[in-house]
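Novice: The lines below spell out each chain.
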Amino acid sequence: MTMMNIANNLQGMGVSPGIAIGRACVIRQAQAGITGETLADEAAVAGEIAHFHDAVGRSIRELRVLMAGAETAVADILEVQVELLQDPMWEGEVLSKIEADKKNAGDAVLEVTRALMNTFGSMEDEYLRARAADIEDIGKRVMRHLRNENGGMAGGGAMPVGGGGRGSEGDGANAVDDSDTILVATDLSPSDLIALDISRVVGFATRAGGKTSHASIVARLRGIAAVAGCGEGLDAIADGDMMVLDGTTGILLVNPAPEVVEQYVEKRKEQLATTRFLQSLKSKEAITTDGTAVHLSANIGSIEDMEQALEYGAQGVGLLRTELLFMQSNSLPTEEEQFIFYKNILVRAAGRPVTIRTLDIGGDKALPYLPLPKEDNPFLGYRAIRISLDRKDLFLVQLKAILRASVFGECRILLPMIGSVQELRQAKTLMAEAKEELTRQQLPYDADIRTGIMIEVPSAAIMADQLAKEADFFSIGTNDLCQYTLAVDRMNEKIKALYNPFHPAVLRLIRSVIEQGFLHHIPVEMCGELAGDPEATLLLLGMGLRDFSMNAPSIPVVKNIILQTNMTVARAVCTKEMNNIV
Amino acid sequence: MITKDYIIRAPEGIHARPAAALVKLTRQFKAVIHLQKGEKKAPLNSLLNLLSVGAKGGDTITLFIEGEEESSAADALDQFFNDLKE
Chain V
22 MTMMNIANNL QGMGVSPGIA IGRACVIRQA QAGITGETLA DEAAVAGEIA
72 HFHDAVGRSI RELRVLMAGA ETAVADILEV QVELLQDPMW EGEVLSKIEA
122 DKKNAGDAVL EVTRALMNTF GSMEDEYLRA RAADIEDIGK RVMRHLRNEN
172 GGMAGGGAMP VGGGGRGSEG DGANAVDDSD TILVATDLSP SDLIALDISR
222 VVGFATRAGG KTSHASIVAR LRGIAAVAGC GEGLDAIADG DMMVLDGTTG
272 ILLVNPAPEV VEQYVEKRKE QLATTRFLQS LKSKEAITTD GTAVHLSANI
322 GSIEDMEQAL EYGAQGVGLL RTELLFMQSN SLPTEEEQFI FYKNILVRAA
372 GRPVTIRTLD IGGDKALPYL PLPKEDNPFL GYRAIRISLD RKDLFLVQLK
422 AILRASVFGE CRILLPMIGS VQELRQAKTL MAEAKEELTR QQLPYDADIR
472 TGIMIEVPSA AIMADQLAKE ADFFSIGTND LCQYTLAVDR MNEKIKALYN
522 PFHPAVLRLI RSVIEQGFLH HIPVEMCGEL AGDPEATLLL LGMGLRDFSM
572 NAPSIPVVKN IILQTNMTVA RAVCTKEMNN IV
Chain B
3 MITKDYIIRA PEGIHARPAA ALVKLTRQFK AVIHLQKGEK KAPLNSLLNL
53 LSVGAKGGDT ITLFIEGEEE SSAADALDQF FNDLKE
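The listed protein sequences derive, respectively, from chains V and B. Count along the first sequence from 1, then add 21; that gives the number in my numbering. Count along the second sequence from 1, then add 2; that gives the number in my numbering.
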């Protein structure tokens, strides 16, 4: 252990959640170099070719041995490497360097793997970029066999990392265990991960890498916290340094003060308890003790959110906000760009229903490339469906993109800020136009796609009986409904306290919307913040709401409430709340 | 020559193990098989080439099967793409 423990804080990318506290174990990789030696004659060429084939053959046999003892996900990685070793393209290039350029087998393998690593390393697709590590790995393996080194990685004797065997059982959540180890490396190859005995490893910190690098995948698979892309700061870490690593925030603390370590020990304990609880609920259906089933979906804005939604056990997407896609672009996303985005979400949802809300900008959300005139009352102004019905060109592009994506899953369209039947009819006319265009272009779409409306303007809530005859479903947006009903701007610090979604005026509107939906046989859902508020769960359940959509992390919390209650309790809560005097 | 279009239904596309399995399957046949997505076309006997095509979930790809045993190769590939879901 070093005498000078220099404290240092690094920021990387959290790639596998959890908090790890332990001692650093630094893995340094030897770099093979190009020798520049060339081959004298044809006999030497033939010899090098045989040498190369022999090394590849031995590498493949070695990988097969490793695969036999590996868990499925790791075996999959190795299977890909076996395939790469037999790849005619890579083999052909190596052979041509030996035959035509008279290079020795080692130099040829190094040059070809480096070139391939550069090609894959610069690819746009994150998965393909991560394949550079596979190519590096097979290159190293073949190099080792070319040099006739059998190394410690030939299966069997795995190299232990960190202190001795596991001490007392349990997860050590309550204290810092000195034999807990955090691996520090430039990157970790699958071979490293299999060869190392990582039973004492609680975290990975890598200089390079991202979410799809091997180290990250293995870390998530085994529930090990990991931070990638820490950069050069990692080089200063020495073996035995005390480290704290947060795989959610990407924070890495080197030799922190004992009080800080204590804080993280506490945080780790809480996280473990929460994680276990959430995991125990993930696959449970949300059903009350007296048998009322509730549908819990997620509000999302990106493919990353979609992943998170599935992790939290969402049964679908009750609200896909399309604003994020528009806000992250430098120009209007084209029909094709939008189509790909919607399609990817639908494919990932794998048959679960996905409700796509058309563009909801204006108010507090503006687009840099679509300047909107400054307004005195932006929330009462040109926004959401009002823009879409005015800028039919933009709206048609979005509708066509959604319609085209609709064949890839269970897709529905949701219109924001509808205030009258007229607006709904206009939107439906444009929808028919979009469908016609697609038919003309012979592009497939779901002809029976359902179109619903947000109920977030009081006029819509009040006229829900008429709207229910023409909309396929309602989705109540409580944030706007509350601010419009109470005439309270929730961003205004001075009157924030007046913003109260539990105000009986708001609750009466919500209940009436649910009733109208019921009377007209259309589904009523809620995607506003109230849907994910655990304090509102019983109330909404009592009102008759059965479809809740919220930010994914709230799902297990709300589910937990539903699992423990029954409708008698929920109705009683509802009656009481509805009659509050404010 | 047989040509066939498929929509990749696996969300991850032809990645990792499915890609390795596809290349392995292709090697069993004498027919020369190419896969095309958009502008990119690659022989299916090379995993590196297949991966660099970058076929993702939802993409439409075209297979070109030519030579001996082309109909049995086409059947086997048909089975493969129909099974490729998740």
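It should be emphasised that the hints constitute simulated quantities derived from the structure, not laboratory data. Incorrect hints may appear among the rest.
[What the hints assert, rightly or not] Estimated spans, in silico, between C-beta atoms of each pair:
no., chain 1, residue 1, chain 2, residue 2, range
1, V, E63, B, D80, 13 to 23 Å
2, V, T93, B, Q81, 18 to 28 Å
3, B, D80, V, V281, 51 to 61 Å
4, V, E306, B, G40, 49 to 59 Å
5, V, R592, B, D80, 28 to 38 Å
Cβ atoms here follow ideal geometry from the backbone N, Cα and C, with glycine treated the same way.
Novice: Within 18 to 28 Å or not, the Cβ separation of V/T93 and B/Q81?
Specialist: holds, 22 Å
Novice: Taking the Cβ atom of V/R592 and the Cβ atom of B/D80, is their distance within the range 28 to 38 Å?
Specialist: violated, 55 Å
Novice: If I claimed the Cβ atoms of V/E63 and B/D80 lie 13 to 23 Å apart, would that claim hold in this structure?
Specialist: The hinted range 13 to 23 Å is violated for V/E63 and B/D80, with Cβ atoms some 46 Å apart.
Novice: Take a look at whether the Cβ-Cβ distance between B/D80 and V/V281 falls inside 51 to 61 Å.
Specialist: holds, 60 Å
Novice: Given a hint of 49 to 59 Å, does the C-beta separation of V/E306 and B/G40 actually sit inside it?
Specialist: violated, 42 Å
The structure does not agree with the numbered hints 1, 4, 5 stated previously, though it agrees with the rest.
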